[in-house]
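Take a look at the letters that make up each chain.
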Amino acid sequence: MSAQEIIRARAKELLESGEIATFIGWEAGRFTNQTTPLVITDAADAGKLVFNEYCANTLAKYVTDVLARGKVGLVVRGCDSRAIVRLINDKVIKREDVYLVGVGCPGMKDRKTDEPLKKCTECRHNNPLVFDEMAGENAEKAVPEDRFAEVKEVEAMTAAERTRYFESIYAKCIRCYACRDVCPCCTCRECFVDQRRENWVGKQNNVAENRFYGLTRVMHIGDRCIECGECERVCPMDLPLMKLNRKVIQDMNDLFGEFESGLVISAEPSVLTTYELTDREEFM
Amino acid sequence: MAIEISHGCAKGERPLIPQVCRVTEITQETPDVKSFRLVTLDGKKPFDCEPGQLGMFGLLSYGECMFVVSAQSDEWVQFTVKKVGLVTEQLHNLSVGDEVSLRGPYGNWWPTESCRGKDMLFIAGGIGLPPVRSFLLYCLEHREDYGRIDLVYSGSKYDDLVFKEQLFDIWPNEPDMHVHVSLYHEDPKHPEWKGDIGYTAPYLETLDLGPEDGNRVAVICGGPSLSRTCRESLLKAGFDEGNILTTLEMRMKCGVGKCGRCNMGGHFICLDGPIFSLAEIATMHSDV
Amino acid sequence: MPVVENNANAIPEDWEPKIIAFCCHWCTYTGADLAGLNRMNYPANVRVLRIPCSGRMNPQYVIEALNKGCDGVLVCGCHPGDCHYVTGNYYARRRMMIFKRLLEYEGLEPGRFQVKWISGAEAGKFRDTVMKAVEDVRALGPINLTREIPYFELPAMPDDDEEAFNAVPEEVFPEEVNA
Amino acid sequence: MLLSKQNLMPLLNSLASDVDVFVPTTIDGVKKFARLADGVEPDFDMINTTMPPKDLLFPQTQKMYHFDVDKNGSYHIHEYDESREQIVFGIRPCDMRSIVCLDEVFLTKGFVDEFYANAREKLLTVSIGCTQAAETCFCTSMGVDPIYAPNADVMLQDTGDAYKVTAQTPKGEAAVSAWSEFLSDGDAEPVNCDVTLKVSMEGVVDKLEGMYDSPIWENLSIKCLNCGTCTYVCPTCHCFDISQENRKKDGVRFRCWDSCMFSEYTAMAGGHNPRPEKLERERNRFMHKLNFFERRYGMSLCVGCGRCVEKCPVALDITRLIDDIGSYEVAPASAE
Numbered sequence: 000m001s002a003q004e005i006i007r008a009r010a011k012e013l014l015e016s017g018e019i020a021t022f023i024g025w026e027a028g029r030f031t032n033q034t035t036p037l038v039i040t041d042a043a044d045a046g047k048l049v050f051n052e053y054c055a056n057t058l059a060k061y062v063t064d065v066l067a068r069g070k071v072g073l074v075v076r077g078c079d080s081r082a083i084v085r086l087i088n089d090k091v092i093k094r095e096d097v098y099l100v101g102v103g104c105p106g107m108k109d110r111k112t113d114e115p116l117k118k119c120t121e122c123r124h125n126n127p128l129v130f131d132e133m134a135g136e137n138a139e140k141a142v143p144e145d146r147f148a149e150v151k152e153v154e155a156m157t158a159a160e161r162t163r164y165f166e167s168i169y170a171k172c173i174r175c176y177a178c179r180d181v182c183p184c185c186t187c188r189e190c191f192v193d194q195r196r197e198n199w200v201g202k203q204n205n206v207a208e209n210r211f212y213g214l215t216r217v218m219h220i221g222d223r224c225i226e227c228g229e230c231e232r233v234c235p236m237d238l239p240l241m242k243l244n245r246k247v248i249q250d251m252n253d254l255f256g257e258f259e260s261g262l263v264i265s266a267e268p269s270v271l272t273t274y275e276l277t278d279r280e281e282f283m
Numbered sequence: 000m001a002i003e004i005s006h007g008c009a010k011g012e013r014p015l016i017p018q019v020c021r022v023t024e025i026t027q028e029t030p031d032v033k034s035f036r037l038v039t040l041d042g043k044k045p046f047d048c049e050p051g052q053l054g055m056f057g058l059l060s061y062g063e064c065m066f067v068v069s070a071q072s073d074e075w076v077q078f079t080v081k082k083v084g085l086v087t088e089q090l091h092n093l094s095v096g097d098e099v100s101l102r103g104p105y106g107n108w109w110p111t112e113s114c115r116g117k118d119m120l121f122i123a124g125g126i127g128l129p130p131v132r133s134f135l136l137y138c139l140e141h142r143e144d145y146g147r148i149d150l151v152y153s154g155s156k157y158d159d160l161v162f163k164e165q166l167f168d169i170w171p172n173e174p175d176m177h178v179h180v181s182l183y184h185e186d187p188k189h190p191e192w193k194g195d196i197g198y199t200a201p202y203l204e205t206l207d208l209g210p211e212d213g214n215r216v217a218v219i220c221g222g223p224s225l226s227r228t229c230r231e232s233l234l235k236a237g238f239d240e241g242n243i244l245t246t247l248e249m250r251m252k253c254g255v256g257k258c259g260r261c262n263m264g265g266h267f268i269c270l271d272g273p274i275f276s277l278a279e280i281a282t283m284h285s286d287v
Numbered sequence: 000m001p002v003v004e005n006n007a008n009a010i011p012e013d014w015e016p017k018i019i020a021f022c023c024h025w026c027t028y029t030g031a032d033l034a035g036l037n038r039m040n041y042p043a044n045v046r047v048l049r050i051p052c053s054g055r056m057n058p059q060y061v062i063e064a065l066n067k068g069c070d071g072v073l074v075c076g077c078h079p080g081d082c083h084y085v086t087g088n089y090y091a092r093r094r095m096m097i098f099k100r101l102l103e104y105e106g107l108e109p110g111r112f113q114v115k116w117i118s119g120a121e122a123g124k125f126r127d128t129v130m131k132a133v134e135d136v137r138a139l140g141p142i143n144l145t146r147e148i149p150y151f152e153l154p155a156m157p158d159d160d161e162e163a164f165n166a167v168p169e170e171v172f173p174e175e176v177n178a
Numbered sequence: 000m001l002l003s004k005q006n007l008m009p010l011l012n013s014l015a016s017d018v019d020v021f022v023p024t025t026i027d028g029v030k031k032f033a034r035l036a037d038g039v040e041p042d043f044d045m046i047n048t049t050m051p052p053k054d055l056l057f058p059q060t061q062k063m064y065h066f067d068v069d070k071n072g073s074y075h076i077h078e079y080d081e082s083r084e085q086i087v088f089g090i091r092p093c094d095m096r097s098i099v100c101l102d103e104v105f106l107t108k109g110f111v112d113e114f115y116a117n118a119r120e121k122l123l124t125v126s127i128g129c130t131q132a133a134e135t136c137f138c139t140s141m142g143v144d145p146i147y148a149p150n151a152d153v154m155l156q157d158t159g160d161a162y163k164v165t166a167q168t169p170k171g172e173a174a175v176s177a178w179s180e181f182l183s184d185g186d187a188e189p190v191n192c193d194v195t196l197k198v199s200m201e202g203v204v205d206k207l208e209g210m211y212d213s214p215i216w217e218n219l220s221i222k223c224l225n226c227g228t229c230t231y232v233c234p235t236c237h238c239f240d241i242s243q244e245n246r247k248k249d250g251v252r253f254r255c256w257d258s259c260m261f262s263e264y265t266a267m268a269g270g271h272n273p274r275p276e277k278l279e280r281e282r283n284r285f286m287h288k289l290n291f292f293e294r295r296y297g298m299s300l301c302v303g304c305g306r307c308v309e310k311c312p313v314a315l316d317i318t319r320l321i322d323d324i325g326s327y328e329v330a331p332a333s334a335e
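Protein chains in written order, with numbering that gives the first Met the number 0: chain A, 0 to 283; chain B, 0 to 287; chain C, 0 to 178; chain D, 0 to 335.
Keep in mind that the hints are not guaranteed to be accurate.
To be verified - Computed cross-link-like contacts, DSSO-like style, restricted to lysine-lysine with a CA-CA straight-line distance of at most 27 Å:
1. D:LYS247 to B:LYS33
2. D:LYS247 to B:LYS10
3. C:LYS67 to D:LYS121
4. C:LYS67 to A:LYS242
5. A:LYS171 to A:LYS140
6. D:LYS30 to A:LYS117
7. A:LYS11 to A:LYS47
What the hints assert, rightly or not - A few chain D residues that face chain B, going by a derived Cβ cut-off under 7 Å, partial list only:
8. MET63
9. TYR74
10. TYR79
11. LYS108
12. TYR211
13. PHE239
14. GLY250
15. THR265
16. GLY269
17. PRO273
18. ARG274
19. ARG295
What the hints assert, rightly or not - Pulled from the structure, derived: some chain C residues nowhere near chain A, Cβ distances all over 12 Å:
20. VAL47
21. HIS83
22. GLY123
For the record, the hints were derived by calculation from the structure and aren't laboratory data.
All of these numbers come straight from a predicted model, not from anything done at the bench.
Cβ coordinates follow ideal geometry from the N, Cα and C atoms, glycine included.
Construct all of the structure, not just a fragment, from the sequences and the given hints.
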């Protein structure tokens, strides 16, 4: 049986048995090779579920929206499972709130160009790390040699070039907040941009305000980013947001030891919410 | 005959630019409610408006909010403001003589004409009284045009009742005007309170104020639950939906039906409203 | 368009760097006070803002300060181990190390954002740090970032604000001063 | 009148020497209308820009006035009028239709928005009919002709080697008469444009009246992220916020695009939010596009440009919604 058939069959069984209240997967969109997230509550809709190499969206964030209805079943690839781990570690959900149907991911493709998605070529954990059962086998995928290649490219520029480079990014930003809304780390009940009373960030769209938003976003998710690359994929202006996220990750790697978020469920504090007495001292 | 409310009666030029006005009088109504009288810098009335219309009152450095003009004379307009958010908090820091920004008037007004000759039943809760008061004051000013007037007003504590002087000393002595006040709960700070205790809707039902064959018009303003329960009570008592008037509230920014956020279906509260009859609301797709 | 390396070669006349220093209440702020008591001279380009602990230093403050017209930002706290709240500056150390690198990644010159540990007794170190920061930023020239509000020219920093200059500093925790 | 394609750039360059000419182009990877200047290559074969041209009339951030305090502590308000003569060259018929919608919003119903009105008066619209459609284009279903924009000042239609030029308004006639050295007499048949994506709007508006509490909204909104992408790339979305930036007692008050997808949009100071969840927000957005606006102004607020279909991060697709509404069985309407 193909993974898609197993997913459909298991979703049907799980919903029928009442073990889960909702199941989250993908369905086909209107256009060729287009997929879109699907949330079903009725076992009869299980036939709509698809799994193919164009399932670009991650699903984990939807769990928080549908959790009120009861236990949630969902398909998880590597990135989805790390997002679930992140949500559990951040105490947004509990492990027993979700039933995870794992599926090996060969890397997804862009539906228009048929090229592998950037986020998938950079992915280091394509197979689920946490799951209750697997639909099919793990998939093989090449792991990128240097996780921080794109950061190093930027670092190689002069300071003035980097200023211009990032200002051109902020000049393009329309502040739709899609990067925030899709991010499994952005789980604040109220985001700082919505706190109008405090007025952290002004409502004008200009380079300065956009930089304020962009840098704050990176610092807020800094030590939790699971490198799913969804922020970059959803950006309507195609801004290279992972170049910012990965910079922080690279520095934490260098300074505080090997860092990768969302690999295991644990109650340990993450890198920036803890400290070591022996941390490097630069400010003496 | 059903009450006719005018809608979309907007007029005016340069709707988004405020004028600078001066505060001439501040009344502390309750611990968190103040009334402000405003005049233009040369001492004139800022704008002419009908009872129930809105004004965008604010501080240039903090922002502006939409309020109902709670009272007016030939010289000034008055707004009654409860301290709930950023701008209203700053408004409460004003002193007499300070400069504020004001634009308006916006929205429609109470149907003073088509209510003529009818009995009036005003129902309000807490800070819902000021919008209703604009109509009430008009009725008292033109006393001979209206029949019996009832005011049913409640607040959660004695201290939360606004316009206490008028409520207890002035209005009860007006001819054929009956003021009914209740508190939601016993108020330990005011054990001397002899009036009724209870939520507005059950209290209203005990008063036995019927529709008088369509000759009584009910005017409601209050929070979401007060509005809902009082509507139900009135309908149960036999009121026609067209004879129940209410003034609605949503967040507003432009005041002229363009910025989009205060829509109820295709209607904008700032432009077509804020005053609608229940019969009209029933035909709208409302999130309010 | 030629890439302007920095503004160091085009420093306008009369230009004075504006630097904001976020100082921990328990050490650096006291150190600054001591510097004043000892009548140490240091440039008036620095405005000191008191924060309860360097651990309270929100990275957003730095971005906002740079956006709103400062040419440099200084963050000062207690030496590691001396935090009044025991661990605040350990967290700050990690966070500021990451944040400083991020700002530099975005093109900010290292001299414009500095972090230093200065105790309440180190009045001299406070003076030296401030003087060095001012000299660093002065050498760099006006900041090379696009600023806030292209719409209206920002008036100068509080230099022209007589009210602020003549204001009597508020008494800070008088009972502790007495204790 | 014909404008040969060789004469197009000379015409644009001569126009750009006097006024700001906005053309579809790609800047830093973003397809948008930008001012013709050195280094800006117009691309008239681009099917549709990512960012709509609405910001020429209604900028993302628009200052309205600034205020300051004089020596006596008195406030003064200084207004801005930054509108200038502008030409938008190469705007598509769907975007021209969006300007009809914006005109209705900003110029009717008792109040005229002076900022919009000033910019609108000074804008000359030169529309170019489409020759090809993207897979997401569904303008024909929304009543827009891809090769003809009735409200454009000047309409250019591709006839192969040349554009057929039609002046459609007095402003357009004045403009075209000034272009005479670039034009030649003649007539030719415009190339047709085949729009493949079709949806049926038949009965949708009326049907929506009875669908406010339908489960269709729940199913639709559940996948929405509540980002503002669809509203910012939409050529007709016009909601705005009014805010200010201060510096001591001086400041500037401006208006900026806002999105009905954000929770903060309707949140009131007391804490009540009439549209607290994405269900209400999604419903309001699509009802506004397909029903509310139709009822208020007599036209659909969706022009079928397909930008939101293309850009939505979760492929939430208004064309599928319209299909779903079409096939939805409505319970008998209540007696109203």
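Each hint tested on the structure:
For the proposed pair LYS247 (chain D) and LYS33 (chain B), the alpha carbon gap of about 26 Å is at most 27 Å, so the pair holds. As the CA atoms of LYS247 (chain D) and LYS10 (chain B) are separated by approximately 35 Å, the hinted pair breaks the 27 Å bound. The straight-line distance between the Cα atoms of LYS67 (chain C) and LYS121 (chain D) is roughly 34 Å, outside the 27 Å bound, and the hint therefore fails. Between LYS67 (chain C) and LYS242 (chain A), the direct Cα distance comes to roughly 26 Å. Compliance with the 27 Å bound is thereby established for this hinted pair.
Note on LYS171 (chain A) and LYS140 (chain A): the hinted pairing is violated, with a Cα-Cα distance of about 33 Å set against a maximum of 27 Å. With a CA separation close to 21 Å, the supplied pair LYS30 (chain D) and LYS117 (chain A) stays within the 27 Å bound. Restraint check for LYS11 (chain A) and LYS47 (chain A): satisfied, since their Cα atoms lie roughly 11 Å apart, inside the 27 Å limit. For MET63 (chain D), the shortest C-beta to C-beta distance to chain B is roughly 6 Å, which falls under 7 Å, so the interface hint holds.
The interface hint given for TYR74 (chain D) is met, as the beta carbon of that residue sits about 5 Å from the closest beta carbon of chain B, less than 7 Å. At about 10 Å, the closest approach between the beta carbon of TYR79 (chain D) and any beta carbon in chain B exceeds 7 Å, and the interface hint on this residue is violated. The criterion of a C-beta within 7 Å of any C-beta in chain B is met by LYS108 (chain D), whose closest approach is roughly 6 Å, and the hint holds. A hinted interface residue such as TYR211 (chain D) counts as satisfied when its beta carbon comes closer than 7 Å to some beta carbon of chain B; here the least separation is about 5 Å, so the hint holds.
Satisfaction of the interface hint for PHE239 (chain D) is found here, the shortest Cβ-Cβ separation to chain B being roughly 5 Å, below the 7 Å cut-off. The restraint placing GLY250 (chain D) at the interface with chain B holds, with a minimum CB-CB distance near 6 Å, inside the 7 Å limit. Using the Cβ-Cβ criterion of 7 Å, the hint placing THR265 (chain D) at the interface with chain B is satisfied: the shortest such distance is roughly 5 Å. Restraint check, GLY269 (chain D) versus chain B: the minimum CB separation of about 5 Å is within 7 Å; hint holds.
Proximity of PRO273 (chain D) to chain B holds as hinted, the smallest CB-CB distance being about 5 Å (cut-off 7 Å). For the restraint placing ARG274 (chain D) at the interface with chain B, the shortest Cβ-Cβ distance is roughly 5 Å, inside the 7 Å limit, so the hint holds. Checking ARG295 (chain D) against chain B: minimum C-beta separation of about 4 Å stays under 7 Å; hint holds. No beta-carbon of chain A is positioned within 12 Å of the beta-carbon of VAL47 (chain C); the least distance is around 18 Å.
Distance check on HIS83 (chain C): its Cβ is at least 16 Å (rounded) from any Cβ of chain A, clearing the 12 Å threshold; non-interface status holds. The beta carbon of GLY123 (chain C) is kept farther than 12 Å from every beta carbon of chain A, the shortest such distance being approximately 15 Å.
Hints 2, 3, 5 and 10, counting from the list given before, are not met by this structure.
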